[in-house]
Amino acid sequence: MSEQIKKFLYLNRRAPYGTIYAWESLEVVLIGAAFDQKVSLAFVDDGVFEIVKGQDTSESGFKNFSPTYAALGDYDVNQLFVEKESLEERGLSIDDLMHLTWEDEDEDWAEKDSIRVVSRSELSEIMADQDVVFSF
Amino acid sequence: MSEQIKKFLYLNRRAPYGTIYAWESLEVVLIGAAFDQKVSLAFVDDGVFEIVKGQDTSESGFKNFSPTYAALGDYDVNQLFVEKESLEERGLSIDDLMHLTWEDEDEDWAEKDSIRVVSRSELSEIMADQDVVFSF
Amino acid sequence: MKLSIQINEGPYQHQASDSAYMFTKAALEKGHEIFRVFFYHDGVGNGTRLTTPPQDDRNIVNRWADLADEYKLDMVVCVAAAQRRGIVDEGEAERNKKDATNIQPQFRISGLGQLIEAAVQSERLVVFGD
Amino acid sequence: MKLSIQINEGPYQHQASDSAYMFTKAALEKGHEIFRVFFYHDGVGNGTRLTTPPQDDRNIVNRWADLADEYKLDMVVCVAAAQRRGIVDEGEAERNKKDATNIQPQFRISGLGQLIEAAVQSERLVVFGD
Amino acid sequence: MSELHTVNKSPFEKNSFDSCMGHVLDGSAVLLYEDGVYAAIKGTAMEGKVTSAQGVKFYVLGPDIKARGIDAARLTDGIEIVDYAGFVDLATEHDKVVAWV
Amino acid sequence: MSELHTVNKSPFEKNSFDSCMGHVLDGSAVLLYEDGVYAAIKGTAMEGKVTSAQGVKFYVLGPDIKARGIDAARLTDGIEIVDYAGFVDLATEHDKVVAWV
Chain A
1 MSEQIKKFLY
11 LNRRAPYGTI
21 YAWESLEVVL
31 IGAAFDQKVS
41 LAFVDDGVFE
51 IVKGQDTSES
61 GFKNFSPTYA
71 ALGDYDVNQL
81 FVEKESLEER
91 GLSIDDLMHL
101 TWEDEDEDWA
111 EKDSIRVVSR
121 SELSEIMADQ
131 DVVFSF
Chain B
1001 MSEQIKKFLY
1011 LNRRAPYGTI
1021 YAWESLEVVL
1031 IGAAFDQKVS
1041 LAFVDDGVFE
1051 IVKGQDTSES
1061 GFKNFSPTYA
1071 ALGDYDVNQL
1081 FVEKESLEER
1091 GLSIDDLMHL
1101 TWEDEDEDWA
1111 EKDSIRVVSR
1121 SELSEIMADQ
1131 DVVFSF
Chain C
2001 MKLSIQINEG
2011 PYQHQASDSA
2021 YMFTKAALEK
2031 GHEIFRVFFY
2041 HDGVGNGTRL
2051 TTPPQDDRNI
2061 VNRWADLADE
2071 YKLDMVVCVA
2081 AAQRRGIVDE
2091 GEAERNKKDA
2101 TNIQPQFRIS
2111 GLGQLIEAAV
2121 QSERLVVFGD
Chain D
3001 MKLSIQINEG
3011 PYQHQASDSA
3021 YMFTKAALEK
3031 GHEIFRVFFY
3041 HDGVGNGTRL
3051 TTPPQDDRNI
3061 VNRWADLADE
3071 YKLDMVVCVA
3081 AAQRRGIVDE
3091 GEAERNKKDA
3101 TNIQPQFRIS
3111 GLGQLIEAAV
3121 QSERLVVFGD
Chain E
4001 MSELHTVNKS
4011 PFEKNSFDSC
4021 MGHVLDGSAV
4031 LLYEDGVYAA
4041 IKGTAMEGKV
4051 TSAQGVKFYV
4061 LGPDIKARGI
4071 DAARLTDGIE
4081 IVDYAGFVDL
4091 ATEHDKVVAW
4101 V
Chain F
5001 MSELHTVNKS
5011 PFEKNSFDSC
5021 MGHVLDGSAV
5031 LLYEDGVYAA
5041 IKGTAMEGKV
5051 TSAQGVKFYV
5061 LGPDIKARGI
5071 DAARLTDGIE
5081 IVDYAGFVDL
5091 ATEHDKVVAW
5101 V
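Residue numbers (my numbering), protein chains in the order written: chain A, 1 to 136; chain B, 1001 to 1136; chain C, 2001 to 2130; chain D, 3001 to 3130; chain E, 4001 to 4101; chain F, 5001 to 5101.
Incorrect hints may appear among the rest.
[To be verified] Here are the computed distance ranges between Cβ atoms for each label pair:
#1 F:5045 / C:2029: 45 to 53 Å
#2 B:1059 / D:3059: 14 to 22 Å
#3 C:2030 / E:4077: 24 to 32 Å
#4 C:2111 / F:5055: 23 to 31 Å
#5 D:3054 / E:4027: 38 to 46 Å
#6 C:2031 / E:4057: 21 to 29 Å
#7 D:3054 / E:4080: 29 to 37 Å
#8 F:5051 / D:3105: 44 to 52 Å
#9 B:1125 / F:5093: 18 to 26 Å
#10 C:2105 / D:3105: 39 to 47 Å
#11 C:2030 / B:1091: 42 to 50 Å
#12 A:101 / F:5093: 54 to 62 Å
#13 E:4080 / A:95: 50 to 58 Å
No wet-lab data here; the hints were simulated from the structure.
Bear in mind that the values here come from a model prediction, so they are computed numbers and not experimental data.
Idealized CB from N, CA, C, for every residue including glycine.
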């Protein structure tokens, strides 16, 4: 659809369910995956809660959209940066997060981790390196 | 409209203009003044910014609703509690606030201050003494 | 006990309307009386019949409408807030010269006095917002 | 320079739409090109023709419509977000069997791809939200 | 009078929980729901605020912790889980409800 | 690349300003607007955060401080006032805009 290849970062700073931002942001990521851009997601502040495992909305009446994160790998969205300090402040570690993976076509479809835990200063550098940052 | 007399507290915790809560809350206070209830307002957290003097929206395109606070006295709404700690955290003192007054019918229409600066613990007691607390 | 509910946010964007619905339903099922549900601020957006949420998600507006039918709930949308945000019934359309309405029939548009009255008449006012 | 604007909140409740309008107007007056204004989340509420704000206040919807007329702005309302919140044009009304529309004519309903395209084609994307 | 205070915002994002804690009196209760349930997680800066509140009873809404993947074992000690019916009971058993929206 | 970060929420209510300050790099700029302008007031806990940010230039939107009754004399030293046209200039002069909504 376009000749330019841009680096897109989706900045996720909100908890899921209390507001719809996380979910509708994910809808943008899925649609955007059809465009040939270099895409990554950052989970910062309460955004880290979006990918906590074991979400179960059966008693809440609203839809559990967390399984969609596991599908991102199939859409070639496999650069998920999670901020270490944000996890720690919330009493979380990587073991509390969903195990999100993708299959590397170039290495005989080897399964690889999509999530990379990075420090706040690393994430700042990653953000600075982008062409577009989406905030929701 | 009702035989019961209740103590109503309007809890104002939001800054003006960034969101409409402060303004639409004030609309409730004005309508509510027509009912025979015992009404008071509390300004806590960013709510103290609502009654800062010198508000001027001429370059913003939206309506300056702050003059309405000065009219509250005419509606017999004259119990405005402002939390001391909230002011201090925001670098404000009572001198930064509008001078809001009412005229006391029982004392030959003497002009009296509507605003009373109270401590957080005093305000907690005032809240506890209410029948209804409105939050916006 | 007699309760009233105030909802300050619209459907889907915030959980407020979901929480208020679950609370109201639970209160009714326990035999409490809901004197009134008052929709204020963006909460007026719960009263439009024009939403079409995804098939696999809850329909917030219809859910309120069904609860109102079942329990004869009085669901009031604030007129001033509705005018700012474009929620319109027949009377409002006529008054403000609008060529369409969008209110869901189980809701009615009325003034802020209805919120004050609800607070006066009810033993508890429970507020749901952002 | 070519810019695009994203607006995540509806009119009046948050200042986001006001700020976005003032920014967009200033950019146009400086001779910049606005590739697209994209309304997402509750931002879709800026695109209804049914609002009647108080006489002494700004009319947010009409203001956007006038700016669009003057500068031929492309103002897009996200279809998925609009369906959740009840913003409807002729096509949507037919598809989802709704008996009324409420879109303001200067806005058009389209998909999220329009936001991605705006980000690709524009030199800057500026986001206004809560 | 005894009050039920409700908090529905994340304590990491907004000041609602802190502000509530600054105004809650001995004998009152706090219900954490929606994103407010994140204040109930053990091992964060919130734990101390919960455990040091004298004479205040804390509740958390079960469906909201479940939706967010928070196991009951991770809650700060002494916080009781209620469902929506329990929320209704809390609202009626206390003299009024104060919402820290 | 140099970035323009925008903050539109009160630092006393939400964590947007703090989060922005944790991610802003030397050579970038921060524009405070809407309720974000409250972070520009001298004599609060925010003043030190502004003055200690190395190599970061701060701006505040004039119409938004005026609306809120904040006199220019109350701003933390070094913060520059811009109007909407200036906001546009900042957005175009930096390589991208990051909104801390």
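The hints, checked one at a time:
1. Residue 5045 of chain F and residue 2029 of chain C have their C-beta atoms about 47 Å apart, which keeps the hinted 45 to 53 Å range intact.
2. Under the hint 14 to 22 Å, the C-beta atoms of residue 1059 of chain B and residue 3059 of chain D, about 18 Å apart, fit the expected range.
3. Between residue 2030 of chain C and residue 4077 of chain E the CB atoms are about 29 Å apart, so this pair conforms to the stated range of 24 to 32 Å.
4. As the Cβ distance of residue 2111 of chain C to residue 5055 of chain F is approximately 55 Å, the hint placing it in 23 to 31 Å is violated.
5. One distance hint, 38 to 46 Å for the beta-carbon pair residue 3054 of chain D and residue 4027 of chain E, holds here, with the actual separation near 44 Å.
6. In this structure the hint that residue 2031 of chain C and residue 4057 of chain E lie 21 to 29 Å apart at CB holds, the actual value being about 25 Å.
7. In this structure the supplied range 29 to 37 Å is violated for residue 3054 of chain D paired with residue 4080 of chain E, their Cβ-Cβ distance being about 46 Å.
8. Checking the proposed 44 to 52 Å range against residue 5051 of chain F and residue 3105 of chain D shows it holds: the Cβ atoms sit about 50 Å from each other.
9. For the pair residue 1125 of chain B and residue 5093 of chain F, the supplied restraint of 18 to 26 Å is violated, since their beta-carbon distance comes to about 53 Å.
10. Checking the proposed 39 to 47 Å range against residue 2105 of chain C and residue 3105 of chain D shows it is violated: the Cβ atoms sit about 27 Å from each other.
11. About 48 Å separates the C-beta atoms of residue 2030 of chain C and residue 1091 of chain B, a value consistent with the hinted range of 42 to 50 Å.
12. In this structure, residue 101 of chain A and residue 5093 of chain F break the distance hint of 54 to 62 Å, their C-beta atoms being roughly 41 Å apart.
13. Between residue 4080 of chain E and residue 95 of chain A the beta carbon distance is about 27 Å. The supplied range of 50 to 58 Å is therefore violated.
Checked against the numbered hints given earlier, this structure breaks hints 4, 7, 9, 10, 12, 13; the rest are met.
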